[in-house]
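Engineer: So the chains spell out like this:
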Amino acid sequence: MDTEAIVQLFVSGFWGTVKLASWTFVFSMLLGTLLGIMRISPIPVLRGAAGAYVTIMRNTPSTLVLFFCAFGLPYLDVKFGDDTATRSFIYAVIGLSCYTAAFISEAIRSGFATIPIGQAEAARSIGLTFSQSVTLVILPQAIRAVVPPIANHVIAMVKNTSIASAFNNKELISAMRNAVEIRGDLVLTLLVATAGAYLILTLSLGWLASVLERKMAVKR
Amino acid sequence: MSDLSALYEAPGPLGRRRNRIISVLVWAGLAALLGYVLYRFQVTGQLAPEKWTPFLYGDIQKVLFEGLLNTLKSALLGSVLAIGIGIIFALMRLSERRLLRVIATACIEFFRGLPVLLIMFAIYMMFDVSAFIAVVGGLALFNGMVLAEIIRAGILAVPRGQREAGLSIGLGSFRTMWLILLPQAFRTMLPTIISQVIVLLKDSALGYIVSFHELVYAVNQVGRAYHNLLPTFIVGAAIFIVINLGVNAFAVWLERRLATSRR
Chain V
1 MDTEAIVQLF
11 VSGFWGTVKL
21 ASWTFVFSML
31 LGTLLGIMRI
41 SPIPVLRGAA
51 GAYVTIMRNT
61 PSTLVLFFCA
71 FGLPYLDVKF
81 GDDTATRSFI
91 YAVIGLSCYT
101 AAFISEAIRS
111 GFATIPIGQA
121 EAARSIGLTF
131 SQSVTLVILP
141 QAIRAVVPPI
151 ANHVIAMVKN
161 TSIASAFNNK
171 ELISAMRNAV
181 EIRGDLVLTL
191 LVATAGAYLI
201 LTLSLGWLAS
211 VLERKMAVKR
Chain D
1 MSDLSALYEA
11 PGPLGRRRNR
21 IISVLVWAGL
31 AALLGYVLYR
41 FQVTGQLAPE
51 KWTPFLYGDI
61 QKVLFEGLLN
71 TLKSALLGSV
81 LAIGIGIIFA
91 LMRLSERRLL
101 RVIATACIEF
111 FRGLPVLLIM
121 FAIYMMFDVS
131 AFIAVVGGLA
141 LFNGMVLAEI
151 IRAGILAVPR
161 GQREAGLSIG
171 LGSFRTMWLI
181 LLPQAFRTML
191 PTIISQVIVL
201 LKDSALGYIV
211 SFHELVYAVN
221 QVGRAYHNLL
231 PTFIVGAAIF
241 IVINLGVNAF
251 AVWLERRLAT
261 SRR
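Just so you know, the sequences run in chain order V and D.
Sequential numbering of the first sequence, starting at 1, is according to the working numbering.
Sequential numbering of the second sequence, starting at 1, is according to the working numbering.
You may find that some hints are simply not true.
Claimed, not checked - A few chain V residues that face chain D, going by a derived Cβ cut-off under 7 Å, partial list only:
#1 A49
#2 F71
#3 D77
#4 K159
#5 L191
#6 Y198
No lab work stands behind these hints, which were simulated from the structure alone.
Using N, Cα and C, we set each Cβ at its ideal position, and we do this for glycine too.
Assemble the whole structure, with the sequences as input and the hints as a guide.
Structural biologist: Here's what the structure looks like:
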């Protein structure tokens, strides 16, 4: 009976981690791309604002960013959802997305650096505007060049979801801690199972990234 | 494309005016955003003086300082151990013995795929050690494996002639590695190694979750005692940012110094 309960705990924990990581992936990619574009825009204020955001986020521990969202935002009366579970989930998504977006924007910016300057000149000379040349010519190529670094940040993000266990989110680490409370004698097995679950996620993402990288590589 | 100016020509009178208008709008937007955040702080009473004056008290400063000291202690010990582990596993991966290579590759892939938090919990639960050891161990194992890959790349980037020269003057393969290749690899990889140390320093904040009394723990303690959690979070974040920017500035200085001394 214990075994069944523990397996169920782990399945829901695994699902929780996947759900948290997926939502965070979507939002951090959106915010990260926006910040990346801001950092190369012709308007100094936009560049400065995005740069300041990235500096702050990159130098603050992810733990602190997440705790700020989970414990700090309620003080500001920023609340979403009806029950505590949804609320902590949304705080976790916000915190992780804000944190990861800074790294993704850096990766995208470094992707711009790999594109030959002729591409931008060509786009400009056939009369495309700034936004057209960025969205039609530069960004599609930059995204391809940045698949490996972005994949690394996404894998790091998946591992960072473990921090959300500290404020009652259902994910793998909290599943493990609950399971240890049920069956204290199985610590080693439970640890190995948790490690295995994370490895399944991270190694398969790494494999996916290498496939994507090969498929999307720009031939020059 | 490091020169981004190709994306837009030097603006003419019309473009300058447009840019100026957009700048003003952006400034206004940013100001509005900041104003709204401050407004939220204000209406929820987070700007009240009694939330911020506690930072002037000696005992709060002492608690925060002790937390900071513990953070730095764990990060420093963690970095030293991580660099040691990194060197050992990099050498194992480059070894001529297949068995050593396989073991090292397996360890590196294994630990790099795990959250640092899980490694800390594992050490804490399995070996009945203090939270400090668990934190240092977790930081050292994970970052050591990352550093192993960095150092290996550095060793492979040293020109081949260096190794051949070392072997031909009669140094053994280990002494060639230790005396000739590794110091040069270390030098080229120093900026990357330091940025990994910053990652390690930030990850030491995970120690809070395994109840190690570091800076985030102290922040939480102060914030709960004086009912000013939000202001303390901001102060805590500022401390981390200052330290990390300091380490970063050191890395930039070191890089420049190494670049000039090599010339």
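Engineer: Determine for every hint whether it applies to the structure shown.
Structural biologist: Cross-check of the supplied hints:
Interface restraint check for A49 (chain V): the shortest CB-CB distance to chain D comes to about 6 Å, inside 7 Å, so the restraint holds. Hint on F71 (chain V) holds. Least Cβ distance to chain D is approximately 6 Å, under the 7 Å limit. At about 6 Å, the closest approach between the beta carbon of D77 (chain V) and any beta carbon in chain D falls short of 7 Å, and the interface hint on this residue holds. Below 7 Å, beta-carbon pairs count as interface contacts, and K159 (chain V) has one with chain D at about 4 Å; its hint therefore holds.
Here the hint on L191 (chain V) is kept, as its CB sits about 5 Å from the closest CB of chain D, short of 7 Å. Interface hint at Y198 (chain V): satisfied, since its Cβ lies 5 Å from the closest Cβ of chain D, which is below the 7 Å cut-off.
Hint violations for this structure: none, all hints satisfied.
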